[in-house]
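Residue numbers (our numbering), protein chains in the order written: chain P, 1 to 336; chain U, 1 to 336; chain B, 1 to 336; chain G, 1 to 336.
Check each hint, because a few of them may be wrong.
A pair counts as met if it fits within one copy or between any two copies, since identical chains are not told apart.
[Claimed, not checked] For lysine-lysine, the following DSBU-like pairs were computed, each having C-alpha atoms within a straight-line distance of at most 35 Å:
| # | residue 1 | residue 2 |
| --- | --- | --- |
| 1 | LYS26 | LYS93 |
| 2 | LYS106 | LYS93 |
| 3 | LYS106 | LYS166 |
| 4 | LYS106 | LYS2 |
| 5 | LYS262 | LYS93 |
| 6 | LYS323 | LYS137 |
| 7 | LYS80 | LYS137 |
| 8 | LYS285 | LYS136 |
| 9 | LYS9 | LYS106 |
Keep in mind that the hints were calculated from the coordinates and are not lab data.
4 protein chains.
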Amino acid sequence: MKYEFNTEKEFDIIAIGRACIDLNAKEYNRPMEETMTFTKYVGGSPANIVIGSSKLGLKTGFIGKISDDQHGRFIEQYMKSVGIDTSNLVVDKDGHKTGLTFTEIKSPEECSILMYREEVADLYLASSEVHEDYIKKSKILLVSGTALSKSPSREAVLKAVNLAKKNEVKVIFELDYRPYSWDSSDETAVYYSLVAQQADVVIGTRDEFDVMENIEEGNNEMTISHLFDYSPELIVIKHGVDGSYAYMKSGETYKGQAYRTKVLKTFGAGDSYASAFLYALIRGKDVETALKYGSASASIVVSKHSSSEAMPTIEEIEQLIAKNETISSSPEVNRL
Amino acid sequence: MKYEFNTEKEFDIIAIGRACIDLNAKEYNRPMEETMTFTKYVGGSPANIVIGSSKLGLKTGFIGKISDDQHGRFIEQYMKSVGIDTSNLVVDKDGHKTGLTFTEIKSPEECSILMYREEVADLYLASSEVHEDYIKKSKILLVSGTALSKSPSREAVLKAVNLAKKNEVKVIFELDYRPYSWDSSDETAVYYSLVAQQADVVIGTRDEFDVMENIEEGNNEMTISHLFDYSPELIVIKHGVDGSYAYMKSGETYKGQAYRTKVLKTFGAGDSYASAFLYALIRGKDVETALKYGSASASIVVSKHSSSEAMPTIEEIEQLIAKNETISSSPEVNRL
Amino acid sequence: MKYEFNTEKEFDIIAIGRACIDLNAKEYNRPMEETMTFTKYVGGSPANIVIGSSKLGLKTGFIGKISDDQHGRFIEQYMKSVGIDTSNLVVDKDGHKTGLTFTEIKSPEECSILMYREEVADLYLASSEVHEDYIKKSKILLVSGTALSKSPSREAVLKAVNLAKKNEVKVIFELDYRPYSWDSSDETAVYYSLVAQQADVVIGTRDEFDVMENIEEGNNEMTISHLFDYSPELIVIKHGVDGSYAYMKSGETYKGQAYRTKVLKTFGAGDSYASAFLYALIRGKDVETALKYGSASASIVVSKHSSSEAMPTIEEIEQLIAKNETISSSPEVNRL
Amino acid sequence: MKYEFNTEKEFDIIAIGRACIDLNAKEYNRPMEETMTFTKYVGGSPANIVIGSSKLGLKTGFIGKISDDQHGRFIEQYMKSVGIDTSNLVVDKDGHKTGLTFTEIKSPEECSILMYREEVADLYLASSEVHEDYIKKSKILLVSGTALSKSPSREAVLKAVNLAKKNEVKVIFELDYRPYSWDSSDETAVYYSLVAQQADVVIGTRDEFDVMENIEEGNNEMTISHLFDYSPELIVIKHGVDGSYAYMKSGETYKGQAYRTKVLKTFGAGDSYASAFLYALIRGKDVETALKYGSASASIVVSKHSSSEAMPTIEEIEQLIAKNETISSSPEVNRL
């Protein structure tokens, strides 16, 4: 079964939210205290997703706020270089900095991150900087959950969602839950529910849906039963190496498998999943095939050093799908 | 035409939001600099509305946060004394204070207020302090806009609205716009729109609807055309002494007139209006009659010294309606 | 023994720090919950001291920041009316409010206060608003400890002290410790020590000196031994109804007794003490006599309703001293 | 002329203040946007100074606060590895991060930095974490100005200075002015004056002394005339490549010259200067010779990639002094 988009829109995906810098340990398989060199990449979930989609050939744009310094300019230059429209990227004039993520890769099973997220520019995107004229040009508005964690970025996203719905733009909500961004689980649940109820497609891990419902050990049946009372038509729930499920309001359910790969680190899996899954949907693949694209893309990224630079091409994805080596158990691939 | 409520609910109205202290100039018709004595009353829009409704005989409750001091205890004692259920009134344990409003009455035409709203307890109501078991017992959840101005009170209200809709409790949204509570007009518009779209009944002045729409000089036709695409079934737009309009989704429109009275001050008009209007609706009066109850109640309160203590009885309201002395022009009665 | 001042200075005392509003329970001998009316007075320790000194006939000035509203204007008008120079009173332009103190008088032994001190104007006095040309005109710069509790008022006071010392202006440090103003006892001790070491005269209760030393149950001998290593020449330590001690660097010690009076409340005792003590010193009385003026003035104020309005005249003070009814035990008169 | 220290103290220098991370562009002579790799070093003025002093053979300790993460542990491990006592290094338990400095080296003349200083651990050192027993063991307490920029670090330093003076520990104040750390020039001037007046030795650039005096284009004669009225006995004022001046309260003045070197970048010059200057003083060299050590050390560091790792040995310093190639004009070596 296919999922339909308005084909008259100029952009395939416009994402809103954070774009920041990853500083990946150059010397890995050791604790970060012993890493002396770091390589710089663009990072941040919605940025990674449009970078991935753009590399796959989609027409994309980005609404966000970047710092008025070398890091902010690097982000903008990189986005442009992969074909993303940056006309709605706002430069912060109040001294806020670009968020940073240092990665530590002790082993494929032991990865951790060290975040700098105090007063970062991306969370200062204001609702007055979100424009109806731009949003209405896109098939999809991609929202990632972290942008809801603080004002004024929160209001910017709520306004963007409101404008998308008014203009027949599909709202894709990638839950992208980062605990350190939020003040309380109650607050997270309030905003995750609010946006999920208004979204057309919701994508997240099982753990992230639990956060949205403010419960522990939730189950997929209850989740979809609740959300299908509201706007969502398609819900994707990911269970790491156990694969992922796509539920449609019309009743169909599909299961996708993870692909076997040599894991270097676990970062970036969720973002590469989303970029290829959305690519496939937009290109008219059926939902079952789109699940394969998502899984294959995730498997490729976890075998490489970065999250953004490593985003695969169509050929890489399709080759991996063709090999058809799915897995039933392996080191768990969580979002990190 | 009548507006229907679920008659099996235990409470008529549960309000959520701020309860604070008014300090009204005892010596008036002079600038506040020359006022040496102040009389203490309970204040705050949603508190005033349930105090008014309770005096009229409705069964009411209040969800809010009060300071752990003499002012907080005064509010609780007063609410209990007029019959409001205070089981969901939370005592703040972090040292936040009760909001204060000093009133200055230079003349009936020149009233102003001096607010103390820094770090006030009511804005610290947390979403974890809002309980489904309580909200679902009421015919109406009354939300006033100021409670949306700051976190965590904002999230508490968003959660309450979500729970009300889940449990067939009518959401009445009294816009109650106070500019000093908000950081920007964009932010206000985002949350006012979000809650208005989910509410069943929306009540406000024409100016307040303009704030919701983030425009100047809006008109009622556009306002109702937009909101009737969403949940609202009844919208009341007040135009001061020019009277008020009630619009129903089913198409009917009613106009209410203001009643002639000797104006002492302009405070409290909106709250007394809402309490009597809702009383009438709940008691099964038709909308046109409810408008008269609202106008009469407002006229009575502006002739007296306080906003809460002065809330009228049914007899007073019905006598004023019976006299039928409406006005076409007079000193403007704004919300203050 | 007398204490000498530079007689060529135009002002006797310039005080720096907070001026705010007291709202005193009009109906007393009851909990504040049952008080319905409050009377407004100017309050705040340094303001009370210059009001008291001014009424006694000294030439005084005040450096402080007041709110741009009716309360701020009331303070300025009142100060002018009692003869205080307000040329260096700055009007806050950032919306900060006047601090408030509601008083509760349950009985002479049970008095408490309810403070509004969030974001108050007096703590926003900036160092750029403190002018050398003004400070150097005074015999005394009176500093009260609370102004040190927050930036930028803290820096304004540190600058004022620096300028006073540079210009042969005696620095009188009234410890005036208010726990709710401070973040930690360590922080208080740091700034109290810093200013006390630079002051010429230090006045406080035994409890307040303990706060300065960050210890419990300190003793006067250790306190003066430490401080006399630095600038102070005269130290006054008050022990409530047990009287007060004045220690001089030159070695003399004097003891003052409290006077018998009918106590209404305990507020304002410390401020009236300081105003009359400083008055006597400036008028050339010896230290022993100055102690009597301080005690008598305190006894008079605790028998009356306000702290500022109630500041006594010379005649009242001298009559009480003449009656010579001192006390050895009675309801404790703490600073409140 | 020599400067005397208490020779019975166990430590030569205990520094207080910030220790953070420098991320130096590995590919230089280009804008940072084009730098893809960064090398990690310990940084921060007082940390650099004790690292330098420790490498020269002095017995040093450090009082500071580090983050509870990989960056904080790296700092502690590095300090230990060069022989610094870290027993008074406190681990932050409130989630504050290590400060970061990204360096950009476009050319020897064009260097800039990109700082992350929001909510950094070093500024959360509390006065309760400063211990008299430790400070009193040292000949020198080294204070750098940036630690005064925010509470509670500010109070920790003020307390440390108070304890040093009480225990005959020389207070060396390195002005180390970083504009982005401060809220206003008035505030800076207040605290710089306060500490400089209490210090025994004050070291800074001419620009930094202007900041202390809150003036533009100050001159050395006025600066020393003012400060010698207070505690300071030795004042070093640096004029970049024009050399530096040492003024003694006893009247002597000495001038030091900068040494010719191949400049890679300008970072770290001031810190290496201070470490070698203090080393020489402590080792009993006369002031004139100490100026040469400072200059030579600075010249060596600016020719290398890092500020801390690059700190020279005695042999390197003495060889450069022996070559005696001083300069009169060259690219300006500012503190950066």
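We went through each hint and held it up to the structure:
no.: 1; hint: LYS26 / LYS93; verdict: both (32 Å within a copy, 28 Å between copies)
no.: 2; hint: LYS106 / LYS93; verdict: between (38 Å within a copy, 24 Å between copies)
no.: 3; hint: LYS106 / LYS166; verdict: neither (47 Å within a copy, 47 Å between copies)
no.: 4; hint: LYS106 / LYS2; verdict: neither (41 Å within a copy, 53 Å between copies)
no.: 5; hint: LYS262 / LYS93; verdict: neither (43 Å within a copy, 37 Å between copies)
no.: 6; hint: LYS323 / LYS137; verdict: neither (38 Å within a copy, 59 Å between copies)
no.: 7; hint: LYS80 / LYS137; verdict: within (19 Å within a copy, 55 Å between copies)
no.: 8; hint: LYS285 / LYS136; verdict: within (24 Å within a copy, 44 Å between copies)
no.: 9; hint: LYS9 / LYS106; verdict: neither (45 Å within a copy, 44 Å between copies)
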